Every structure is written in structure tokens, then in C-alpha cells.
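Chain by chain, the residues run as shown.
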Amino acid sequence: MRNFHPLVAGLLPAILLMATAAAPQTTATRPDTSFFETKIRPVLIRECVSCHGASQQKGGLRLDIEPKSADIKRIKAVLTPSGAIQMPPSGPLNQSIQADIIKWLDSGAPWPKSNVTNASKSDSKMHWAFLPPKRHPVPNVGKSPSRNPIDAFINQRLVTTNANASGKADRRTLIRRATYDLTGLPPTPAEVDAFLTDKRPGAWERVIDRLLASPHYGEKWGRLWLDIVHYADTAGENSDHPLPHMWKYRNWVINAFNRNIPYTTFIQHQLAGDLLAEQLKGDEARDARIATGFLAGARRFGHDIDADMHLTYEDVIDTTSKATLGLSLACARCHDHKFDPIPQRDYYALYGIFQSTRLSYPGCEPFQKPKFLVPLSSATEQAARENELQQLERQVTTQLAQKLPEQSIIVGGGRVPDAGSVGISTPDAKPLEVTLNPGDVLLFEVHPNGNHGADTTRLELEIRRTDTGKSDTWRLADILDTLPGETPWVGAWTFLDLNGGLRALGERVTAIDGKPALRGWRSGDTPSVFGNVSTAQVDVWTALPPRSVFAHPGQNGPVGVAWTPPASGTYALSGNVADAHPGGDGVSWKVYKIPAGVSLLASVKDASSRTRGIETRIAQLRDQRNLDIAFACTEGTGADANVQLKGDPAVPGALVPRGVPSFLGLPSQKVGSGSGRLELAQWITDRQNPLTARVWVNRIWQGHFGAGIVATPNDFGLRGTPPTNRALLDWLAITFMENGWDTKRLHKLLMTSDAYQRKSGSGERAVALAAFPRRRLTAEELRDTYLSVSGMLDAAPGTAHPFPAESSWAFTQHTPFADDYETNKRSIYVMQKRNRRTPFFALFDGPDPNASTAVRDNTTVPTQALWLMNSPFVQTIGDALAKRTAAGTGDIDKWMNALYRTLFGRLPSASERADFYLLEYQLYDGKSGTTPRAWNAYVKAMLVSNEILYVD
Amino acid sequence: MLIRSLNRRGMLRSSILGTMLFPGLVSELLQSDAYAADNPLAPKRPHFKPKAKRVIFLFMTGGVSHVDTFDHKPKLFNDVGREVKLDHPEIKNRPGYERIFLKRPQWDFKRYGQSGMEVSSLFPNVAGCADDIALIRSMHTDHSNHYNATLGMHTGSFAFARPSLGAWVSYGLGSENRNLPSFVTIAPAQTYAGSQVYASDFLPGAHQGTRIVPGPIPIADIKPAVNRDDQRIALNALARINQRHAAERASDPQLAARIQSFETAFGMQMAVPDVFDFTKESDATHALYGLKRGSTSGFGWQCLAARRLVERGVRFVELIDTGSSGNWDSHGDMMDHERLARNVDKPIAGLLNDLKSRGMLDDTLVVWTTEFGRTPFNNTADARGREHHSWAFSSWLAGGGAKPGTTYGSTDEYGMRVETDGVHVHDFHATILHLMGLDHTRLTYRHSGRDYRLTDAYGDVVRKVIA
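Which chain is which? The protein sequence lines are A and B, in order.
Heads up: the first sequence at position 438 corresponds to 1221 in this note's numbering, and the numbers run straight through without jumps.
Heads up: the second sequence at position 270 corresponds to 1125 in this note's numbering, and the numbers run straight through without jumps.
Hints may be right or wrong, so weigh each one.
[As the list claims (entries may be wrong)] DSS-like mimics (lysine-lysine), calculated; alpha carbons at most 30 Å apart, straight line:
no.: 1; chain 1: B; residue 1: K899; chain 2: A; residue 2: K1666
no.: 2; chain 1: A; residue 1: K841; chain 2: B; residue 2: K904
no.: 3; chain 1: A; residue 1: K841; chain 2: B; residue 2: K908
no.: 4; chain 1: B; residue 1: K899; chain 2: A; residue 2: K856
Hint data in this document are derived by calculation from the structure and do not stem from the laboratory.
None of the values given here were measured: they were computed from a predicted structure.
Turn these sequences into a full structure, and let the hints guide you.
As C-alpha cells, then:
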């Protein structure tokens, strides 16, 4: 619906009637409906009814209902500017609109009968969607060659409307369509060839089976579910706290599709997996607990999220009811639903269920620390792991750390204020000069000030030999090209954790916060010594300037950089220390001269080598600990909820027993002492529930045919759009249930219909499915296609995001969490924030991370073209593809073949080859090198062409 | 190889040029009703005759103290240190705030212009425009948290993301310049609630605010990846490829719209830098805005950019003066208001005077507001800062049909609560839409089975601030 002109879309009742008009019995009796609804009613609503409508009738004229025949002449007279009175008062309508209205008036101003907007409560009892699906007989359409019943239902309509269905699309089109529809990726040239040459019967079915078995299937269809439940990796409260464990739910959804668990199980586990887990074992139990991330991932609100939990419960109720029932129960928060027969008590019966459930707590500005995270392994396993971890950590920190020798001398030091920068010198501003012998150590230490803990500190250190006349210098920045290196010592420099002694930083990092430019060594999250090795600024928790080295102390302890001289002599230390992360307490620095003889660094290095195994094990155990936790839910204290008068939690009304909604009149199990989630899950997935199967088959239908049989997939209520083909919808729902709620089987059923295999088209023919609806790639498909064709795609499933460690969290509404992480993985794995949407996904109509998205927008705006033309991402992809296709040979014909096969699975035509030569000719500037330049430009043009952007 | 290619090109050239007749086809498609109906930014007629054609919305982030700027409270000067008892959201259950005392404003007020409007010495230049301003001293809002109040001031919704005011105006009226977005937000830094304050949310994406960041790349990807001539040649190749693709298929408006979008984007690449190229602005104009030639920092740059944007038909321009930190949120020391006022006072006055001298102020509505006021009290009599205050604050309108030289509404003797003619955020929005020729009760969008409006179920147009 959303790609209609906004004015028209704003007039939904009119469109509802258009949809009705598509039904043959309607069109037969009222041929003018479509003309009226598209050309006349919108104009009347826009221009006339504010003065000539229900609330006022200036001049006794009403234009929101059928005009009296006596008025027809009057209306005609005021339309043109010639008369004494002219309407509308803001100026005459444009000529073509005038002509339409006159045409309508001349035909007697026919007015279609409304049957949607005036629905009353008594109608709603009989509302189609609240009655069980009816087993309609499969129509007999006579000559239809298809044995798929779907075609019988569709062709019956086409026959009545005299629409000729388009022929079957060619195989190349079909495999591209099927591959995008089932995996969100383009087919590879080999896959295209295999299908083209498979002459045995059942080739199409084999393509479908192969695609349904692909791990990429879940990455495409899981996204549909994540849209509906508005999945995000942050909580959405004022400081938008990260949800570091949420990805497990995301991957659970993807795997649930891949494993093709029955839809009933899919829903039951998300609502009550923790309760069902008690009867399950091992990974199954673990997965069921993770599935309840569906509820825990609800949006949080405000400053102290506990103060606004009524809004979070509303989000849970809204998402659950929209996703599974295709109805918004949230409208009943403040009053009985205005249109659907949903009483306010049903809302608070559900409210009681969710209020009796304990959701994991994400943290918020006043309480940063997450809690109620759900452990996934047994208590014994957890205890064993924690025990081992503790012992190993103790071994590393106490037994193996070297004490700072007592003979150490402090030769300099100072304080750096918040965001400040100070030069390294003696207090009287002289260079720091020290005499050093081999084996001596010059140790530069950085430690935090005050109570705000650690700060990122930029170190610019330079050591110069001063007693030889030669200017031998050593700069810390010299290590940038070596980082992270194989050991925490690079050249003459060693990176040290100084908490409780000296030990080398143990963990090597190649991409801090997911940024490959940030490399170095650390221990846990901090302390660390790392560099921005690139020539560009990197924006992470703070802006890190290019080609710089940083020391980051731990919360409680200092970090150090040690240097050893190559020979005896006098050395001067100079440079700068800067607090690179404004908003803390600043840092302090100290320089020690540690005398030789204790061979200190040798012991540190030796200990480091010996503990490497232990540190690896510690890192492993810490990973396990993270993997062992889910952001999910468990039972809370069972308690019924009071109605909140006008939706205000401060004004309680009657107590409502918690339980399943009453409005469908289905038998319900009594809720005992528990939350009632299990009872709710069973009620939703009961075969008697008239909505659940219909809503799901409609979503799968929409995923293949562009629009649902019900065009408002989250609204099957009285204000939703009625089904365009109710018999078909009911037949699909019943078949789906009889087939064991088997989603993959449903895909295959739809895709083996003739309707799915037609040539593509647009407009009314596509709406009637006389042609297959052409569609634009989604944001995810577009990005994934680019990564795929350029060879840059990392096809492995994504896991956790490189969020900053929990211990460092201090997010506020002033400085909310706002990182972005680059990845070459598929788009479903890109980290999604709630309060700062990723610009690319916003630009290409991606899902709204704050509200259920049932249908994606489909906009065409010039800012999309700017991205396609100029964004660094598309440029990089284009360069890679140009290189990939032109590799190995100078023969342009071969380049063209490679490019066309990669992008479209076909060879270029003669005129397409000519396109390139014309481009080359036009770009020729008398210098050599035109061909590669032209090739690069041509590849980039092909990348953004409509043949890529749209699926036929 | 080059020679061989040239030979082949020679043969092919004439036949290729023949195919270049295609633009005719594309333009036919574009002129069709289907395309016009598909362009969400096509100019649309307002509900009734508008007073203003465009809006410049000046948002002061962090909460400007009303009693120190536009709401003169002589008694607050006199009764400093007096203890008051209030059921105020910012002191409830807050340790150290068991007792609260009135705090004296730190700036003196004077009367300005023929209207005699009282303004403090923080805004001497804006005060010089008093006779163009309709000042509202009785603003109030629903929330005393930055995030929620900021979201509310922009979207009418205090908790959930909803379309921004600018997106609603764009949706209601479309754009008059196809090379520029209809709704632009100039924000050197993100304010509270991030991109939600300029999002289109459920409205079509074309109404999304385009964020401009002062500096060399004001809009993402606006800088051509290759030189302009080469880009034109490549775009011609793309158009040829797309035309052939379209010719093989039955007419499809979305394919035609996509072809057109590249042409528009190509135009934007010229139009956008032109907007932000101030070299042809005179020294006098620079001086008017307090802007150093060549500098892109400070509010003066934003104000002059706003004038240039509305001149070119952009419907709604929002200027955000600071980000979510370092703003008017002066808990620690009210003297920080001086720095912040200095950043905006002259540029705002410059903007009003510039629009006026160009005859544009009559149909350009300038709105000045913040998310809430600041408390007339604090927990000690000599506290240097003020806390968040949702009960009352001041905003003003100028030009675009706002009644010049008016002061509307009032607060009590200390500026604590609204006393007369309260203007809620919803009323404020209804009034802005009204001046744009839009009836806030009729500007609706169907989403999730419900008709949504900017003002939810509330809002009354404040007739008395309309000329």
C-alpha cells in the first residue's frame, strides 16, 4: 500500500474500496468505481468536504455522500472560473481534474456503496477474519493446464475479468526470481547454467529444493520475521544501550527457518521457550530459552526504563498481537477498541501475563549494568567454568606478574586534564634526560585520575640519543606499521599491564571495535596499547586521529610502554601526552628509570610466553561465558494487572485476571500460578484460532507475490483491507495446517504455481497476478548482491558485535551509544541501532527498528541515486568487480562476457557490447589508459542499472 | 588494442547514435499521470490559502531559561532566596532537593521597539526585531527529560518515534525544487533522540529530513565520485542501458522514476554546492549574519544557508544550534547561556532582517524554540545553574503570517506555571501548520490501521498570534 501517492494513501477508505472493486461481482455491477475512487473521491475529500461534508454543509451541499441530482448542475457551474461563484475558494482545479469531475457529473454522479468505513460492532462479530477458514472447493476452470490448485483460484478471477495471463517467464528470469525470493542473493553463473541445461522433468522443483536447503534461505526469510518483531541490537531507551547478547535470538530466527520447525513450535518457543525447555535437552533446551528474546527484545523507553515499563509491555502486546494474529491489541490500552471487538480487559489480561514475566534488563542511564540475563547451561557447568577462570586469572595476575624493582627511580611525571594535552618535560620545562645502560628500562606509565576510570590517551613519544653528536631517534609511532605484531614487544618497545606489577599485555587484537585500523594488545577490554594505523581518522568511542598510538589504562590500574636502549648513553625523552577522549577526569603519567641487573623485561617476556597458553584459555572461557548468556526471559511473580484508566498507569481501574484474549470466543485454559505465557502460546497456535494460519500464509504469499492476499498483513481487523481472494486465503491456511504448519512446503506450493512463473509486469496486471509483480531489491538484497558479485561477501553467519565492554558503559542521553561496525557479512548481520538508524537502511526503505514493519516502503528518491553514483561503498564494489572481470586477459569481449555472466548469468548482446565502445570513445582524452578507465565506468553503470535493481 | 577498438567504434558509432533518441521515450513516461502520481514530492495544494510558504525552524538544544531571556519576572529578582514548595518532576525523590529556593535571573530586561516587548540583555540583536516577533510566553510541554521533550517538540510524540513536523509539512505541501530535498536539517551534531527528530517514520521516505553537516560534504554522497564530464558520459551510458531494459518490458512507472532519479541526483550535485557557496554573498550580508568569509562554523553559517535554501524552494529548514552536549542545559552555571546566546543572537537577527529586506519575511515563517524552560528555583539560593522545567517556557514566531509585535500568554509571578493562554506543543504545531495552509486535523496518514496526525487527538490553533 505504501507506494501509493501519499495523498491517495492518506485516503485509505478510498483504496479499500478499490481493492473491493477488483472483485468481479463488484466490477460487474459498478463499472465506474475505479474511476470514481482514483479520480473523483480524492479530489472531493481534498478540496470540498471540509466545507461540504458531515460536519458542515455550506450552501446546503454535501459532497461526502452521493450528491442530490439537483446539485449536479450547481457543482458544474462553480468549477470553471467564469461564474459568479467559484470553487474551491483556493483557486480553480487544474484542467484535467475539472474534466474528470465534469465527466463524472455528466454520467449522473454515480456513487459507490460504502461497506467498510461504517462497520459497527454488530458487523464485527461476523467479520470474516474472526470466523474459521472455510474449506472452499477448488474451482474448476476448465482448460487450465496447471495442477496446482492456486492457479484454479487465480485463473477463475482472471477468466471473470477477461484478463489474459502472461506466458511463462524464461528459465534465466525464473532462476533469478527464485534465488532472490528464497535466499536474497543473485544466482551464480554456474547455478544459472545448471538450470538452463537440466532437461530432465522436475528441473524447477529441484531448483526450489536446492534453494530451500541453502543456509541463505534463513537469512532471507528470517529478515521478514525480524521486520515484524522490530529486531534491533540496542534497547531504544534514551541512551540506547547495546544488547550484546541479542544476536543469539537473531541467529535463532535464521536457524529456525533453516531447520523448518513447524510454525506452531516457532511461536510457542518465542513466547514460552523457557517453560518448554524444561522438557527439552542440550541444544534444544538452550535454543528454546534463546527464542524468548522475542519478548525481551521489546523496546525500552525513557531515562529510568523501569518508570516506563507500561510502554514496554504495550510494545510486547502490540508486537505479539500484530505478528501472530494480524491485529493490533495496543489500541485497547486506553479504551475498548474503536473498530475491532477487542475489549480493554483483553489488553490488561495480556498485560498481566507479560508483567508476570521477567525480561532481561539492558541497562539505562541511571543503572548502566544489565541484569536478569538468562544462563543457558546448567548451574554445575557454570560453576566449573567460573572456578577455572578465577584460578587462571589469579595465576596470571599474581604469580606471574613481576614486581616493580625497588631501585626504580621516577624521573618525570605530570597530570593531563580532561581533554587536555601536555608536553613531556621536567617541571622546569627542560627535556627529560636520563643515562641508560643496556638492560635498563625506561618505563612510561599512564594511569587514570579520579573516579571516572580510564581514558584513551594519545602518546607521542620520541627518544633521542644526546651524547654522541649523532641524532639517533626512536619514535613510538614507528611501531604503527608492525602492529599488532606477533608478540607484545615490537622493536625496542614493550606493552605492559601495570596493575599490581608488570606483565606483558596478553591479548592480541587485529580490529578493536570492529575497526581493522585499530590494532594492538590488551588484557580483557582494558588496559590496552593500540594504534590507529590508517591515514584516516577513526570514529569510535571518540575520534582517533590518523597514524597515532594510544595507551588506555584499565578501570583501576595503569598501563605502560617500556623502552630499552641499544647501548650505554644519554637519552632525552620528549613528546606529548593527550587525553583523547573528552568527558572524564583526564589521566596522569610517570616515567621510571628501572636499573639493569634485574633483567626485568626478560622475565616479563619469559612469563608472557609461559602464560600465553593460559591467556588463550582465559579468553576462551570468557567467550564461553558470553555465549552462555541470553537476553531473554524467565517467569516472574504471577500477578494480575489493573486496568489503567485512559492508559495512565497512575490511575488504576478494575483488576483483570491475566489470561488469553476473549474476543475470539475460543475456549481458554485457566492460567495457574505462572505467568500464563504457555497458555497464550497454545491459544495462539490452536487450530481453532481463525487468524494464526491465515496471517502466516498471507505473509509468505506477500514475500513471493509482493502484496498479501490481505494487503495489510498486520491488520486483519475491520479497518484492514479485505482479502482480494478469500477462498484462496482460506484454502492456503487449511492446507498449511493440514501439512503440519510446514513453511518450506508452503513456499514450494506457491512457487510451483503458474502464477508464480509468469513473465513480469506492473500495475493492475501485476495486482491481479496476470503478470508476476516486478519488484525492487530490498536494502539488504542490494547490499548483499554488491558484496556477492564483487567477490567481497563474507558468507559465514555473523555472531556477536564488537560492542564496548560492559564494564566501560557510561551512556547518557547526552552521549548515547552511537557506534557503527563495518562488516562484509550479509546485511541481516549488520548491527542495528534503535535511536540512530543506519543511514543506508533508512535510505533504501529498510525496516523500522522501533515498530513492526509488515510491508516495506518502496521509494524512488534522488538521494538513493546519489548513493549509487558516489558512495565509497559502491565505488569499492565497482573497482573490485572491474578488476575481477578484467583479470588475466586484455580481450574486451572476454571482459564483457565475464561481467554479464557475473551480473546477469547471460552474455551481452551486440548493442550492449556497443555501449562499452561508445563509452570508451566518449571518454577518450588523447591519453593512454582510456580502456581501463572506461571499463571501470562501464562496470559501475551496469552495477546500478535497472536490470540489477529490479527482479523480473 | 586501442586502435582496434577505435576502428570498431567507427563502424558502430552511427548506429549507436540512432539509439540516442530514447530520451523522448523516458520523458513521455515521466509526463504520464502514473509518474506524477508516483512522485511524492510533487507540489501539492494546501487545505486553504496559506500565510507562509516555507518554514525556518530554529531549535535551541538543551532547554533555554525563559526567565533569563524572554519572560521578564521582576518579582523573581526581588524574592531571590525565598523558599518555595512545589510538586515538581525534577525534585521528586531527588536527594539534596528536599528544599528549594527562588533563584535570581542574571540578566536585566529592557523594553524594545514600538511594541515594548521585554527581552533580556542575552538577546540584544533579536530584541531589535521585537516588532516583527510574536512572542509566546505560555509554552508548556509533557516531559522534563531532554530526550522525550525534544522528540515531542519535533514529532508531537513524547515516547514513540513519529514523523517529524518537517516531514508532515513536506507530505502536505511537497517541494518546489526538484533538485533539492523538501525538508532539510542543518545540524553540526545530533541532538537528543538522534535522527528521530528529522525522520519521516511511517510517512513515505521522500519526506525524511536530509541532514546537512556544515563543511565540505554537506549531504552524504553529494560529491561526484569522478569528474563531472566523465560522470555525464557514464550516466548517458546508464540511461542507454536502462532504456533498452525498459523498452523490452511493458511501461512501468517505477523503472521510469528510477531513470529520472539519476538525472535529479546529477542536478542535485550542482544545486547543493551552489546553495552552500557563499562567495557571491556580499560583505554586508556576511556582516549581517556575523559570519567570517570562508568560515563554515557557527550559527551564522547555518542561518545564511537557511535563507539560501528557502530561496530555492526548500519547504522546511531546521537549524539545530548545538548537539546533545555543550548546549543550553546549564545545570552547573547559567553564565554558559551567555556563550550560547552570543552564538545565535546576531545570526538570528541577521536572518530576520535579511529576509525582510528581500521581501521574503512575509511568506517565510521563522520559528524559535527549545524543548523546555529552566526552573526559576534551585536547591540553594546561590546555586549557579537551573534545572529542567516543563511547566513553562518561551518560544516565538516571526514572519509568515505571525502577528508582529505581539506578546501572547503569561506565566505566574515567578515564571513557574502558565497563568493565561497556555500553548501546549500540540497547539504550537497546529498553529505552524495553520500558517502553512494546513488544517492539523485533516493532515492525516493511515498507518497500522489508524489515521495518524502530528497533533494526535489534540491541538488548537492559537488564533491570536496570527496576523
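Going back to the hint list, which numbers does this structure go against?
Of the numbered hints given earlier, the structure breaks just one, which is hint 1.
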